[in-house]
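Residue numbers (our numbering), protein chains in the order written: chain C, 9 to 620; chain F, 3 to 51.
No lab work stands behind these hints, which were simulated from the structure alone. Treat each hint with caution, since some may be false.
Derived coverage of chain F by chain C (criterion: at least 3 residues anywhere in the stretch with Cβ under 8 Å from a Cβ of chain C; other residues may be distant) [what the hints assert, rightly or not]:
1. 7-13
2. 22-35
Listed next, with one range per pair, are the computed distances between beta-carbon atoms [claimed, not checked]:
3. C/G177 x F/L9: 32 to 38 Å
4. C/D69 x F/I6: 27 to 33 Å
5. F/L34 x C/P367: 27 to 33 Å
6. C/P152 x F/L34: 51 to 57 Å
7. F/E4 x C/R43: 43 to 49 Å
8. F/T27 x C/R118: 27 to 33 Å
9. C/R43 x F/I6: 43 to 49 Å
10. F/L9 x C/H371: 40 to 46 Å
Yeah, the Cβ is synthetic: ideal placement off N, Cα and C, and Gly gets one too.
Here is what each chain is made of, one letter per residue.
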Amino acid sequence: MRILGISAFYHDSAAALVEDGRIVAAAQEERFTRRKHDAGFPRRASQFCLGEAGTNLSGVDLVVFYDKPFIKFERLLETYLAVAPRGFASFRMAMPVWLKEKLFQKNLLRRELRQMPGGDEWNAKLWFTEHHQSHAASAFFASPFEEAAILTMDGAGEWCTTSFGMGRGNTLEIVKEIHFPHSLGLLYSAFTYYTGFKVNSGEYKVMGLAPYGEPNYVQTILENIVDMKADGTFRLDQSYFDYCTGLTMTSGKFDSLFGGPPRRPEQPLTQREMDLAASIQVVTEEAVSRLARSIARETGQRNLCLAGGVALNCVANGKLVRERIFNKIWIQPAAGDAGGAVGAALAAYYQGCGGARLPLNGHLDHMQGAYLGPEFTQAVIERDLREAGAIFEVLDEHEVIERSAESLADSKAVGWMQGRMEFGPRALGARSILADARSPTMQRMLNLKVKYRESFRPFAPSILREDVAEWFEIDEDSPYMLLVADVTEQHRRQMAAAEVNMFGIEKLNVLRSDIPAVTHVDYSARVQTVHRETNPRYHALISAFKARTGCPTIVNTSFNVRGEPIVCDARDAFRCFMGTEIEVLVAGNCFLRKEQQNQNLKLDYKSKFELD
Amino acid sequence: MEFITELVRFMGERKKYWLIPILLTVALFGFLIVITQGTAIAPFIYTLF
Numbered sequence: 009m010r011i012l013g014i015s016a017f018y019h020d021s022a023a024a025l026v027e028d029g030r031i032v033a034a035a036q037e038e039r040f041t042r043r044k045h046d047a048g049f050p051r052r053a054s055q056f057c058l059g060e061a062g063t064n065l066s067g068v069d070l071v072v073f074y075d076k077p078f079i080k081f082e083r084l085l086e087t088y089l090a091v092a093p094r095g096f097a098s099f100r101m102a103m104p105v106w107l108k109e110k111l112f113q114k115n116l117l118r119r120e121l122r123q124m125p126g127g128d129e130w131n132a133k134l135w136f137t138e139h140h141q142s143h144a145a146s147a148f149f150a151s152p153f154e155e156a157a158i159l160t161m162d163g164a165g166e167w168c169t170t171s172f173g174m175g176r177g178n179t180l181e182i183v184k185e186i187h188f189p190h191s192l193g194l195l196y197s198a199f200t201y202y203t204g205f206k207v208n209s210g211e212y213k214v215m216g217l218a219p220y221g222e223p224n225y226v227q228t229i230l231e232n233i234v235d236m237k238a239d240g241t242f243r244l245d246q247s248y249f250d251y252c253t254g255l256t257m258t259s260g261k262f263d264s265l266f267g268g269p270p271r272r273p274e275q276p277l278t279q280r281e282m283d284l285a286a287s288i289q290v291v292t293e294e295a296v297s298r299l300a301r302s303i304a305r306e307t308g309q310r311n312l313c314l315a316g317g318v319a320l321n322c323v324a325n326g327k328l329v330r331e332r333i334f335n336k337i338w339i340q341p342a343a344g345d346a347g348g349a350v351g352a353a354l355a356a357y358y359q360g361c362g363g364a365r366l367p368l369n370g371h372l373d374h375m376q377g378a379y380l381g382p383e384f385t386q387a388v389i390e391r392d393l394r395e396a397g398a399i400f401e402v403l404d405e406h407e408v409i410e411r412s413a414e415s416l417a418d419s420k421a422v423g424w425m426q427g428r429m430e431f432g433p434r435a436l437g438a439r440s441i442l443a444d445a446r447s448p449t450m451q452r453m454l455n456l457k458v459k460y461r462e463s464f465r466p467f468a469p470s471i472l473r474e475d476v477a478e479w480f481e482i483d484e485d486s487p488y489m490l491l492v493a494d495v496t497e498q499h500r501r502q503m504a505a506a507e508v509n510m511f512g513i514e515k516l517n518v519l520r521s522d523i524p525a526v527t528h529v530d531y532s533a534r535v536q537t538v539h540r541e542t543n544p545r546y547h548a549l550i551s552a553f554k555a556r557t558g559c560p561t562i563v564n565t566s567f568n569v570r571g572e573p574i575v576c577d578a579r580d581a582f583r584c585f586m587g588t589e590i591e592v593l594v595a596g597n598c599f600l601r602k603e604q605q606n607q608n609l610k611l612d613y614k615s616k617f618e619l620d
Numbered sequence: 003m004e005f006i007t008e009l010v011r012f013m014g015e016r017k018k019y020w021l022i023p024i025l026l027t028v029a030l031f032g033f034l035i036v037i038t039q040g041t042a043i044a045p046f047i048y049t050l051f
């Protein structure tokens with residue numbers, strides 16, 4: 009039985025194909041259209057997924073959309089009614105879109121599907137799952153657990169913003185929900201907006217900024233804005249927010265509470281933004297931690313699955329792991345709305361059709377390392393590069409690894425495009441920019457000359473699974489870069505008193521460990537463990553780097569610049585390579601050095617993408 | 003027509019028939035907004051509130 013899952017029309021459209029319970033393929037539309045967070049119908053992603061299964065739409069038994077538009081519309085209406093006459097500006101913006109398009113999503117989906125190859129023969133059913141059901145299904149059915157508690161947290165689905173449930177075998181039951189407008193995701197987004205970053209994409213930046221600040225505003229937040237109960241449930245005082253009634257996240261009362269208007273985008277960051285980021289991070293961690301404790305108490309479960317945008321807060325996840333509330337925690341790598349496509353398809357297969365759970369067969373989980381996207385043959389990569397005017401060598405397997413490791417050891421930034429593209433927001437060694445984590449200048453160089461992004465933002469390490477406990481205070485699988493852990497004492501550098509007392513962004517200039525490029529200012533790192541079973545080539549590369557340097561960890565950042573979707577094919581990779589200061593590109597078995605390329609092909613890449 | 007049927011079934015399922023008058027009003031306002039696509043309608047609606 010083939011089921012196509014679709015997530016679309018809000019942000020991060022995606023498609024996923026599930027065949028008899030196995031996730032065959034999944035991809036985000038933005039990777040094909042090259043529009044970041046593309047919200048359109050995922051036509052190309054769907055075609056890719058169907059192609060992976062060797063079929064077209066006529067071979068699909070069921071198409072499932074990841075949320076229920078009518079219930080979302082009901083929420084909108086009831087919210088406008090509750091706050092009327094305030095909210096008219098928002099109402100006037102929203103209604104034309106809903107009345108023209110969103111309310112008729114079933115027809116829109118049918119129309120789009122019929123235009124796809126095989127669409128004229130497609131006459132199967134179109135189902136809709138609830139938003140948080142999709143998240144929960146993506147967390148539990150893709151996890152390695154036969155039985156687990158499930159916690160989903162995001163901005164808002166239809167009504168639900170936080171849910172907890174139980175998964176057993178092929179069943180999943182949502183037990184409790186917290187409803188809009190009380191939302192952990194929207195609370196975090198409000199602070200994202202207030203600190204001058206873009207809602208829906210800048211939340212990572214707030215999390216990255218938090219260690220530079222002091223959590224001075226925690227009490228202010230808890231005493232005024234968030235009423236957090238002992239079990240982690242919460243209510244937000246809506247007078248501080250504007251998302252129900254207006255066109256911004258926060259209200260004038262919020263500004264007064266924190267002493268001024270929101271920071272404007274691209275204005276310099278001050279200590280206030282850093283302290284606010286630190287404070288909202290602490291509040292979020294506390295809420296997640298309390299929720300997890302109460303779920304553990306109520307269910308008696310020892311396994312927990314997480315999904316929803318808030319589950320991408322890897323600092324909170326890392327804290328949850330360290331607190332040992334659960335024995336095992338599994339987080340869906342595509343925890344945001346894109347992952348809803350996988351969840352919708354899995355929910356339909358298991359809950360709707362009663363399919364039996366698949367055995368793990370020695371795999372870590374059912375996500376295949378999140379390598380679910382397109383892969384290109386060596387012949388296609390060579391053709392694409394040749395057409396783009398690239399000058400390259402074709403190496404054998406052994407040489408690819410050795411030459412790449414040598415480049416990394418020489419402190420070169422290496423573009424690495426190998427195998428199937430990742431599904432979800434993280435690059436996991438298939439479409440990555442790699443570098444030497446030991447270099448003291450690498451963090452700044454990568455931020456300013458390769459990624460063109462804010463200098464405070466940290467980079468994440470990829471480390472061989474077998475070596476993780478020696479370098480980081482964690483001994484768990486973290487294949488999806490969703491857990492944060494501190495660098496171990498033995499690899500930290502003793503700091504002088506003056507360095508310890510540094511404040512705010514000054515902290516960035518202090519060398520803190522043997523791997524400074526991936527050590528954040530609080531010694532933390534967003535760790536990716538690399539497993540031979542899921543990505544043998546990447547594992548071989550890091551092993552070769554370790555053989556040369558003694559260091560089993562390298563910098564891994566997504567292969568793109570700020571505002572650009574992660575590269576998909578060799579043409580995208582070559583464009584990004586020529587537009588930035590990446591020095592080496594390894595695409596399949598093709599090896600390219602920047603200095604050997606036609607310099608006329610260099611691009612002005614920096615201004616090509618709208619800043620995120 | 004299918005849309006109307008589904009909308010009625012949806013309201014029955016969720017026991018929200020009380021939404022019908024609101025929906026009709028909203029549909030009317032929405033229709034006016036879509037038709038006018040401008041700000042001219044705003045004062046008219048404000049006076050209703």
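- Check each numbered hint against the structure and report the violated ones by number, ascending. Of the numbered hints, 5, 7, 9 do not hold.
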